[in-house]
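*Asks:* Below are the chains, spelled out letter by letter.
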Amino acid sequence: MLVALLIEDFIIQLGCEIAGIAMRLEPALELARTIDVDIAILDINLAGKQSFPIAELLRTRGIPFVFASGYGAAGLEGSGLSAPVLQKPFNVGDVGRLLASAL
Amino acid sequence: MTENNRTEDAFAFLGKGNGIRQLIRDFEWGATPLGRVETWPGSLRTATALLVQSSVPIVMLWGEHGIMIYNDAYSVFAGKRHPQLLGSKVREGWAEIADFNDHVMKVGLAGGTLAYRDQELTLHRRGVPEQVWMNLDYSPVLDEAGTPAGVIAIVVETTGEVVARQRIAREHERLLQLFAQAPTFMAMLRGENHVFEMLNPNYQALIGDRDVIGKPARDALPELADQGFWALLDQAYHTGEPVSRWSERLVIIRSPDIGPEERFIDFVYQPIKSDSGTVTHIFVQGSDVTERVIAEHRQRLLVNELNHRVKNTLASVQAITTQTLRGAMSLREASDSINDRILALSRAHNMLTAQNWTGADLSDVLDTALVLDGDPGRPRFDVTSPALRLEPHAALSLALALHELAINAAKFGALSRPDGRVDIVCETARLEDEEVFRMTWREKGGPPVQTPQRRGFGFHLLERALPVELSGKVRIHHRPEGLVFELSAPLSAIRESADLG
Numbered sequence: 001m002l003v004a005l006l007i008e009d010f011i012i013q014l015g016c017e018i019a020g021i022a023m024r025l026e027p028a029l030e031l032a033r034t035i036d037v038d039i040a041i042l043d044i045n046l047a048g049k050q051s052f053p054i055a056e057l058l059r060t061r062g063i064p065f066v067f068a069s070g071y072g073a074a075g076l077e078g079s080g081l082s083a084p085v086l087q088k089p090f091n092v093g094d095v096g097r098l099l100a101s102a103l
Numbered sequence: 001m002t003e004n005n006r007t008e009d010a011f012a013f014l015g016k017g018n019g020i021r022q023l024i025r026d027f028e029w030g031a032t033p034l035g036r037v038e039t040w041p042g043s044l045r046t047a048t049a050l051l052v053q054s055s056v057p058i059v060m061l062w063g064e065h066g067i068m069i070y071n072d073a074y075s076v077f078a079g080k081r082h083p084q085l086l087g088s089k090v091r092e093g094w095a096e097i098a099d100f101n102d103h104v105m106k107v108g109l110a111g112g113t114l115a116y117r118d119q120e121l122t123l124h125r126r127g128v129p130e131q132v133w134m135n136l137d138y139s140p141v142l143d144e145a146g147t148p149a150g151v152i153a154i155v156v157e158t159t160g161e162v163v164a165r166q167r168i169a170r171e172h173e174r175l176l177q178l179f180a181q182a183p184t185f186m187a188m189l190r191g192e193n194h195v196f197e198m199l200n201p202n203y204q205a206l207i208g209d210r211d212v213i214g215k216p217a218r219d220a221l222p223e224l225a226d227q228g229f230w231a232l233l234d235q236a237y238h239t240g241e242p243v244s245r246w247s248e249r250l251v252i253i254r255s256p257d258i259g260p261e262e263r264f265i266d267f268v269y270q271p272i273k274s275d276s277g278t279v280t281h282i283f284v285q286g287s288d289v290t291e292r293v294i295a296e297h298r299q300r301l302l303v304n305e306l307n308h309r310v311k312n313t314l315a316s317v318q319a320i321t322t323q324t325l326r327g328a329m330s331l332r333e334a335s336d337s338i339n340d341r342i343l344a345l346s347r348a349h350n351m352l353t354a355q356n357w358t359g360a361d362l363s364d365v366l367d368t369a370l371v372l373d374g375d376p377g378r379p380r381f382d383v384t385s386p387a388l389r390l391e392p393h394a395a396l397s398l399a400l401a402l403h404e405l406a407i408n409a410a411k412f413g414a415l416s417r418p419d420g421r422v423d424i425v426c427e428t429a430r431l432e433d434e435e436v437f438r439m440t441w442r443e444k445g446g447p448p449v450q451t452p453q454r455r456g457f458g459f460h461l462l463e464r465a466l467p468v469e470l471s472g473k474v475r476i477h478h479r480p481e482g483l484v485f486e487l488s489a490p491l492s493a494i495r496e497s498a499d500l501g
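Line order of the protein sequences matches chains U and A.
Per this note's numbering, the first sequence runs over residues 1 to 103.
Per this note's numbering, the second sequence runs over residues 1 to 501.
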C-alpha cells in the first residue's frame, strides 16, 4: 500500500497521469481487461498472489508493462515472462528510466 | 659261508644314509610282530625301500596292528613323536586319533583306498593339542600272495594353506559386513553391460524391493533410461576414470504403488581393473542426499523471501519518508512523523510476525494501532468490534490507517483536548449479495473542525490507498463537532481465507 503511494508520487513527478490502481489480483485483472493506458507497473506479489496473469492479459492487449519487486529480476523465474524489473527500493530516476525503456 | 653270512647286510635294501635309515637299522624289530628283518617278506622290504627313498612324507602301517615304518619327511611331520613312533602300533602311537586310524586299517586291509583333503585332526606332536589339516591318501600294500598286508599313507600337511584360506575368507566376510553396514549405498557392477553382482542394503533401499542381482543395470532399473546414468557408467567403464556427481536428480520407481519418486544423490562410479589393467567392474558408491537438497532449496527460498520482505519494507520506509517530507511544515515535525510512522509499521510487522504472517485478529490490529503516548490502556477510545480474523495485508493496511487517524486526532482533533474521545464501531453486515465490513471512527469533544487546506501523507493514505487496498470505500467528514471516518469493504477482501491460513 505504501509502495503504491510512492510509485504514484513518482509517476506524477515524472509528468505522467495515474489511470488506475489496484492492489489485489482480481481488481487488477478487471482493470487490465478494461483500462486504456500507455504502460502498466506490476508488483509481482499482490497480497500473496503473483501478478503474472495480469501481464499475460496486458501482453495480449499490446499494452507494455514493467514489474516492481523486492525479489528483483529473480522474481520472474519460472513465469516465462520477460520484462524490465524495478528492484525495490527505487527512486524517481529508476522509475523514469524503466518506463522510458519499456515505452 | 658263515663269514659271508655274517658280513652280508640284511638292511642293504635301505640303501646308504643316516637319519631314518640308521634308526631302522638299529631298531629291535624282533620285539615287534614284524620279527627280525631277515624274516621280512619281500613285499615288506620293497615297500620299505620305496618309502625311505621318497621326499614326500610316507608312513606304512604293517600288519593288523599297523606297525609304523616311515621316512625322513614323515619324521619331520611327526615332531616330538619321532623317533618313538617308529615300530609302534599306529593306534597306540597316535592314541588321540586311534578311531580314525582304526577305520583306515580296516579299510586298507580289506583292499580299499581312502583319500582325505584338508582333513582336520587334533594332534599332540609337541605335548600340546594342535589343530592341523592334512591331505591323506591311503592304499593297501599287498603281500606275495596278493593279500593286503599293510596300508601305505602319503601324508601332506596343509595347515598353512588352510589357515591362509581361512584368513582370506574371514577378511572377505569382514569386507562383506562393511559393505552391508556402510552408511552409503554400494553396488558392484560386472562387465560392459553393468550386471549387478553385489549390492548393500542401502542400495536396495534406494532402488526399492526388487531383485536385480545377475541383471544388466539397464534391464534392472528401466525407469532410469534417459536420465544420464548409463552414459556415465559407460564412460567410467571405457575410460577407466572414476566419475562423480553431486546432488544429481534421480526419478526412481521404488514401488509401483507409489510411482515415480524424485530423489537426489551424490555418487561415484569407480572402475575396478584387473591385473592386466582392463576394467572388469564398476564399483558404485554414494549417498541419498534428498533431505539435504530439500533443506538447501527451502533455505534458498527463505533467504529470497527474507530479501523480498526486507526490500519491501525498505520501500515502505522510503514511501513514508518521501511523502512525509513532501507535506512537512518543518524538519522537526517531519522527523517526529517519520519516527511515528516507522514505529507504527514496525508494530504492525511484529503483530503479523507473531502469527507467522498468516493473518491477525481485528482486536489485535486495534490494540497495535491505537497506541498513543501517555494513554495506557487507551481509556479515550470507545471500541466496539466483532471477532474477526483479517488476512495479513488487510491487517497491515488497517493498522497503518488507524495509526494515522489516531495521530491526527492527537494533534488536531478530539484527542488534542483532555475531554476529547473517539468512538470506534466495527461491524459486519449483509448488503444485498455481499457481506461487508464497516468501520466508523467518530471524534467528539475536540476543537471545532475545519476542512484542512492541504492533504498530507495521512489523508493520502486514508483516502487514496486504503480503499484500493481493501477494494472498499472511504469517506471522511470534517464535521464541526468532530471528524468522522467511514470505511466499508467487502468482507471477502479483508477476511483471512482458508487457503492463506
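To be clear, the hints were calculated from the coordinates, so they are not data collected in a lab.
Every residue, glycine too, gets a C-beta built ideally from N, C-alpha and C.
Accuracy of the hints is not assured; some may be wrong.
[Claimed, not checked] A few chain U positions that, by computed beta-carbon distances, are all more than 10 Å from chain A:
| id | residue |
| --- | --- |
| 1 | Leu5 |
| 2 | Glu8 |
| 3 | Ala19 |
| 4 | Met23 |
| 5 | Arg24 |
| 6 | Thr34 |
| 7 | Gly70 |
| 8 | Gly75 |
| 9 | Lys88 |
[Said to hold, decoys possible] The calculated lysine to any residue pairs, modelled on SDA-like cross-linking and capped at a C-alpha distance of 20 Å, are:
| id | chain 1 | residue 1 | chain 2 | residue 2 |
| --- | --- | --- | --- | --- |
| 10 | A | Lys311 | U | Ala47 |
| 11 | U | Lys49 | A | Lys311 |
| 12 | A | Lys16 | A | Val56 |
[What the hints assert, rightly or not] Computed Cβ-Cβ distance ranges for the label pairs, DEER-style:
| id | chain 1 | residue 1 | chain 2 | residue 2 | range |
| --- | --- | --- | --- | --- | --- |
| 13 | A | Gln450 | U | Gly62 | 26 to 34 Å |
| 14 | U | Ala74 | A | Thr239 | 36 to 44 Å |
| 15 | A | Ser244 | U | Leu103 | 50 to 58 Å |
*Asks:* If a hint holds in the structure, say so; if it does not, say that too.
*Replies:* Comparing the hints with the structure gives:
no., hint, verdict
1, Leu5, "5 Å, violated"
2, Glu8, "7 Å, violated"
3, Ala19, "13 Å, holds"
4, Met23, "5 Å, violated"
5, Arg24, "6 Å, violated"
6, Thr34, "16 Å, holds"
7, Gly70, "3 Å, violated"
8, Gly75, "8 Å, violated"
9, Lys88, "4 Å, violated"
10, Lys311/A x Ala47/U, "15 Å, holds"
11, Lys49/U x Lys311/A, "17 Å, holds"
12, Lys16/A x Val56/A, "18 Å, holds"
13, Gln450/A x Gly62/U: 26 to 34 Å, "49 Å, violated"
14, Ala74/U x Thr239/A: 36 to 44 Å, "38 Å, holds"
15, Ser244/A x Leu103/U: 50 to 58 Å, "51 Å, holds"
The structure does not agree with the numbered hints 1, 2, 4, 5, 7, 8, 9 and 13 stated previously, though it agrees with the rest.
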